[in-house]
Amino acid sequence: MKIDKSIFAALAWVSLAVLTVPDSAVAQDDGDNVFAQYREMFGDDNPAELIELQGEDLWSQVRGPKKASLEKCDLGLGPGKLDGAYAQLPRYFADTKHVMDLETRLVYCMVTLQGFSEKDLVAKPFSGRGEQPSDLEALSAFIAGRSRGAPIKVSQSHAQERAAYERGKEFFYYRAGPHDFSCATCHSQSGKRIRLQALPNLTEAAEARKAYSTWPGYRISEGTVRTMEWRMGDCVRQQRLPELQFGSDIAIGLITYLGVMANGEPMNAPGLKR
Amino acid sequence: MHRTVKWGLLGAALCCTSMLAAAAGKSDPLGNVAASFKAHGQAGMDRLERDPMQQACSQPASSEPSAEVAKSISRSAQERVKPPSDGQYLGDWKAGEKIAQTGKGMQYSDDPAEPNGGNCYACHQMAGSEIAYGTLGPSLSQYGKLRGTSPAILEYTWTRLWNSHVYNVCSHMPRFGDAGILTEQQLKDVMAYLFDLDSPVNQ
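Quick mapping for you: the protein sequence lines, in order, are chains A and B. Everything in the first sequence is counted per my numbering, starting at 1 for the first residue and increasing by one. Everything in the second sequence is counted per my numbering, starting at 1 for the first residue and increasing by one.
If you are wondering where the hints come from, they were derived from the structure by calculation, not from laboratory data. Where a beta carbon is used, it is the ideal one built from N, C-alpha and C, also for glycine. Hints may contain errors.
Short derived list, chain B residues pointing at chain A, Cβ under 10 Å [unchecked claim]: (1) A34; (2) V81; (3) V169; (4) H172; (5) L197.
Using 35 Å as the maximum straight-line C-alpha spacing, the simulated DSBU-like pairs for lysine-lysine come out as follows [stated by the list, open to error]: (6) B:K38 with A:K97; (7) A:K153 with A:K67; (8) B:K104 with B:K38; (9) A:K210 with B:K38; (10) A:K66 with A:K81; (11) A:K210 with A:K124; (12) A:K81 with A:K192; (13) A:K72 with B:K71; (14) B:K104 with A:K72; (15) A:K192 with B:K94; (16) A:K124 with B:K38.
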């Protein structure tokens, strides 16, 4: 199924332009409220739904050198069990002996079940601007959608799960690079913003829950669904650090740390973001 | 290299603290950080290495460094401040405004041939006409009008821009001079943007 995403992106930008005309009312507003108004205009609609449908097709399609679908992929609750699975990721998987998040687990399934090359899948996991969503983005949107309303329950029962949490927490405060930025530089105080963009304080459970439960999300400024791994990598890029590798220990650690902070919140992804 | 040598003494003090922690059986939860990254364009792997300030300030605000460590970080930062070579603190406010507005520079997605921005507006209110300002740092609106241009305030502000850790040990603000983010001329232009009475900051 092909969706002309550019129409949605264009509509999104026109609406956004209307809302960001600098009049005095907006000047009094903070960025969050502007985007809250924008989200309201969508009502219950989210362009991510179209990408979820693409992901649903990809899940059941027979593909790859092994000519198989992903329907036997085990995301932690058993082969093919999707409902609520995303709300319990990342988790430790006995078959790989590693803590995996949704995206690394999907790559694992595409390699083991369908015979795709891991190197190829990881070389460019996310779509570029204006491109069709990557397989990983579409599948992530679909699978996240199957956890809507399920309470987030990121496990800390395995030693490796606890180690991932500690690694993520430690890296959250890791100041490095020419600008001395850590995650905490922007995300450890409440009520702050960068330019007009409100910054969630990810050290406070209430704000971490709201942020975590809405990823992956349809990013209006990107015109597509962006995933949690993308979110981590793009923050790190802005920290002026080298490239955070997809599925790396630090990436999984950060996602585990934030996931545990968000435990108990009903999953509400894909969200709709600025 | 120069920077490494200057930090040597403080580094020695900090290294021993972490060695003691290791001896006490505390393992490093981070493991091999470099294994999670790859060099990309101008963002090399050396950027993951932390100097003593970065190490000491890599923790929640509630557990900032001891008074002793804080003192040596601030002293070391102070020693490294370079005043303008010709003694002139103020450049061109119009050029300074562009630097304050520009957020690009030193990301692997940026063109290294382009000058770096200061991105002041990401965190500070400055000109009253600009509504898209961040709030991580204090408002700098009317900066020069309120403070005048005495030698003391010029030197203080230059030092702030050069290395904010002179005054706040774990300041969130980048070390624009010390880390080589902005050139001496760019710093003078930002200074003029703050102090010049014709600058929109002071309208």
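A quick look at each hint next to the structure:
no.: 1; hint: A34; verdict: holds (9 Å)
no.: 2; hint: V81; verdict: violated (16 Å)
no.: 3; hint: V169; verdict: violated (12 Å)
no.: 4; hint: H172; verdict: holds (5 Å)
no.: 5; hint: L197; verdict: violated (24 Å)
no.: 6; hint: B:K38 with A:K97; verdict: holds (24 Å)
no.: 7; hint: A:K153 with A:K67; verdict: holds (34 Å)
no.: 8; hint: B:K104 with B:K38; verdict: holds (21 Å)
no.: 9; hint: A:K210 with B:K38; verdict: holds (31 Å)
no.: 10; hint: A:K66 with A:K81; verdict: holds (21 Å)
no.: 11; hint: A:K210 with A:K124; verdict: holds (28 Å)
no.: 12; hint: A:K81 with A:K192; verdict: violated (40 Å)
no.: 13; hint: A:K72 with B:K71; verdict: violated (60 Å)
no.: 14; hint: B:K104 with A:K72; verdict: violated (45 Å)
no.: 15; hint: A:K192 with B:K94; verdict: holds (28 Å)
no.: 16; hint: A:K124 with B:K38; verdict: holds (14 Å)
When the structure is compared with the earlier hints, violations turn up for hints 2, 3, 5, 12, 13, 14 and for no others.
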